[in-house]
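Enquirer: Chains as they are written, first to last, in numbering that gives the first Met the number 0: chain H, 0 to 376; chain S, 0 to 376.
Because the hints were derived from the structure by calculation, they are not lab data.
One or more of the hints may lead you astray.
Just so you know, same-sequence chains aren't split out, so a pair can sit in one copy or run between any two.
As the list claims (entries may be wrong) - As a list, the in silico SDA-like pairs of lysine to any residue whose alpha-carbon atoms are at most 20 Å apart:
1. Lys294 x Glu272
2. Lys112 x Asp172
3. Lys18 x Met345
4. Lys294 x Leu85
5. Lys243 x Leu293
6. Lys18 x Arg290
7. Lys243 x Asp300
8. Lys344 x Asn128
9. Lys243 x Gln289
10. Lys344 x Gln132
11. Lys243 x His315
12. Lys140 x Pro170
13. Lys160 x Leu115
14. Lys344 x Leu114
15. Lys158 x Leu115
16. Lys160 x Pro121
17. Lys140 x Pro352
18. Lys112 x Asp301
19. Lys158 x Thr299
20. Lys112 x Pro296
2 protein chains.
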Amino acid sequence: MSGFIAIHLGAGYHSPERKAEYNEAVNKACQQAISVLKNGANAVEAVAIAVSTLEDSPCTNAGLGSNLTLEGGVECDAGIMDGDSLHFGAVGALGGIRNPVKVAKALLCEQRKGLLSHGRIPPCVLVGNGALQWACDHGFKEVNTSSLITPRALSAYRKHKRALTGFSTLPPDQQESLAKRMKGDGSPVIDGDTMQDTVGAVCVDSNGQIASAVSSGGIALKHPGRVGHAMFFGCGCWAQSHTKTSMSVSVGCSTSGSGEQLMRCNLAQTCCEGLLQSDDPTSSLGNTFQRQYLKSPFLTDDAARLGGAIAVRYNHKDRDAEILWTHSTDSLCVGYMDTTQTKAKMVISRLPPGASAGSTYSLGGATVHLPLIEEPP
Amino acid sequence: MSGFIAIHLGAGYHSPERKAEYNEAVNKACQQAISVLKNGANAVEAVAIAVSTLEDSPCTNAGLGSNLTLEGGVECDAGIMDGDSLHFGAVGALGGIRNPVKVAKALLCEQRKGLLSHGRIPPCVLVGNGALQWACDHGFKEVNTSSLITPRALSAYRKHKRALTGFSTLPPDQQESLAKRMKGDGSPVIDGDTMQDTVGAVCVDSNGQIASAVSSGGIALKHPGRVGHAMFFGCGCWAQSHTKTSMSVSVGCSTSGSGEQLMRCNLAQTCCEGLLQSDDPTSSLGNTFQRQYLKSPFLTDDAARLGGAIAVRYNHKDRDAEILWTHSTDSLCVGYMDTTQTKAKMVISRLPPGASAGSTYSLGGATVHLPLIEEPP
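Make the full structure from the sequences, and use the hints.
Expert: Here it is as structure tokens:
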């Protein structure tokens, strides 16, 4: 079976010193997804595998290693979309579950079955304790919050909490710097810890179907109960298969960055709409990101617009996929791999030297040709 | 000060026998909003007042009298949007608060102040226990769930629970009928109880600014933690003031119906985009509702598409407002009033006789001329 996966480790700041760590996370997530694709998994299953592997990685802000809330807890958001059925499943402010994206996927799969056994409409998005309860009722194991807290996340939490205490006495530039760090914009933090946002994936399977997913630990020191773009339809991820676009192309997108901003720009859906309307995918993504995000009328009050996205445009006729990325944060770590390859390709895209995060953007891309014949396992 | 308010009591089924009750609720909500508008309140304050008055009414599925969850609790969603700043605030699966829309408004107002005291990004959407905690920290009083349960809601809950037990043994047509009732599509229930969905309001104030709001108790017997369209940006409500549309018109919308469906169609925003592009508001709303909801590719798996909306298009040059409504449920109860009037106008719009809820729609509207001069208090 053929197919490919594209993933991102979040928009933010990726320290050059930790490149090997990112590479390991990228490789593992891509390998896992490619492995299940080769065994006949569909795109929805593959993005869930890729994103749950990223959740398990301590170097991402999702699942294990998530930013801590104001009260020192872990509350995650995740979303997943199936480009074939156009169904969406998501969870918000979910604690006590190791892999939130798997719960989102379970919600998606339940919906595809139609009405519940008692004629009730299956939920599309569940939050908080109700989401945890649903997950446990559907075979997920509740874990202790402490098992999701990494030493790095705890150390960052303690430092931010200490800084908060003296925040009002800091000079304005230091206040701004601290605010940016908590926002996950990737300002390098003195001792080398880093901040990234939502991780995600887009996959095309051997049937040419597309799916996308996102998962996030949210912003550092967020108020408990705060939900970000990962659980909002059209904001965190988007997928539309060729059968649904009335064209020979499938499109998918997964976003990362300041959740409140991405939510107000419906960024994932908007990027895909652009890709469907243009024959020049790279320019389309750049234009969409600039016009609908960096210069969006919905963000006029925001000094810095910190976000990023990966997007895929797959042409079924020639079996070529354009994998694209853009970001206004200092960096975006991207990986991709297809079923003919044994190792993922990783790109840490960075803003041009001297460019200011939050107002300018970088743009990149690669083309993958999807083999028609079945690959040996 | 001049201005006007348009409200709805939810898409569903409004029993002719209970017309006086609806009229009282409509009148009270409009009067309260007009009263604060006359005293100089802005559109955001007025929609919050109107919707909180509807929440207090036991005959609506919002706040007091909400549908009960599977476990017999009350969990509400609410959202509010300011067409001037384009900011949005929302809560989801919020229990223990009498007026969820007021918490959504408080979240909106906090965002407009910019970063929080410690440099943190203010949350836009809060859910569950975290939302309750935030509300209590911001001066809201926690109430006991039992104080929000009306005898009618409890009776409907018990009946549905009993029916669920024997659901699988019911003949298919009765299963379908029960499913529809729980979905709030307004199928008349034998003993005269009724089901409606999300309530909402759109207001234009004396400065010509527009705002909108929604509030919902959700679907009957929903899983705890399930959130619907009221808390989703672009889905439950939308508002864009003329200063933001680069035109001389302000637009606003508030939707109601099957939350999962409305979410996937981004209906409030989509209706407003249509109103901005057309000189024929009534046709525009009808076309949008038909094309983007009833025939939406996102709802191909859904047998019935049960929703409704009120929309406002206000022209600043001639100070005329078109108040429009549409619905595919059996009925939609609409009210409107301006600052020159002493009593609200109520319309219970119904599908044509014999029309099938979920696949056809009704469309209606009225024009209001907003006085330029200040009205005596």
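Enquirer: Look at each hint and say if it fits the structure.
Expert: Results for each hint:
1. Lys294 x Glu272: Answer is both; intra-copy 18 Å and inter-copy 19 Å each pass.
2. Lys112 x Asp172: between (53 Å within a copy, 19 Å between copies)
3. Lys18 x Met345: within (10 Å within a copy, 65 Å between copies)
4. Lys294 x Leu85: between (29 Å within a copy, 14 Å between copies)
5. Lys243 x Leu293: Between copies only: 17 Å across, 29 Å inside.
6. Lys18 x Arg290: neither (32 Å within a copy, 49 Å between copies)
7. Lys243 x Asp300: between (36 Å within a copy, 13 Å between copies)
8. Lys344 x Asn128: Neither: 39 Å inside a copy, 42 Å across copies.
9. Lys243 x Gln289: Only across copies: lysine 243 and glutamine 289 sit 18 Å apart there, 27 Å inside one copy, limit 20 Å.
10. Lys344 x Gln132: Neither. Shortest intra-copy (39 Å) and inter-copy (45 Å) distances fail the 20 Å Cα cut-off.
11. Lys243 x His315: within (13 Å within a copy, 40 Å between copies)
12. Lys140 x Pro170: neither (46 Å within a copy, 37 Å between copies)
13. Lys160 x Leu115: between (45 Å within a copy, 14 Å between copies)
14. Lys344 x Leu114: neither (42 Å within a copy, 38 Å between copies)
15. Lys158 x Leu115: Answer is between: at 18 Å across copies they meet the 20 Å cutoff, but 47 Å inside does not.
16. Lys160 x Pro121: This pair counts as between: shortest inter-copy Cα distance 17 Å, intra-copy 40 Å.
17. Lys140 x Pro352: Neither. Shortest intra-copy (46 Å) and inter-copy (52 Å) distances fail the 20 Å Cα cut-off.
18. Lys112 x Asp301: between (42 Å within a copy, 11 Å between copies)
19. Lys158 x Thr299: Answer is neither: 31 Å inside a copy and 50 Å across each miss the 20 Å cutoff.
20. Lys112 x Pro296: Answer is between: at 18 Å across copies they meet the 20 Å cutoff, but 40 Å inside does not.
Checked against the numbered hints listed earlier, the structure breaks hints 6, 8, 10, 12, 14, 17, 19; every other hint is satisfied.
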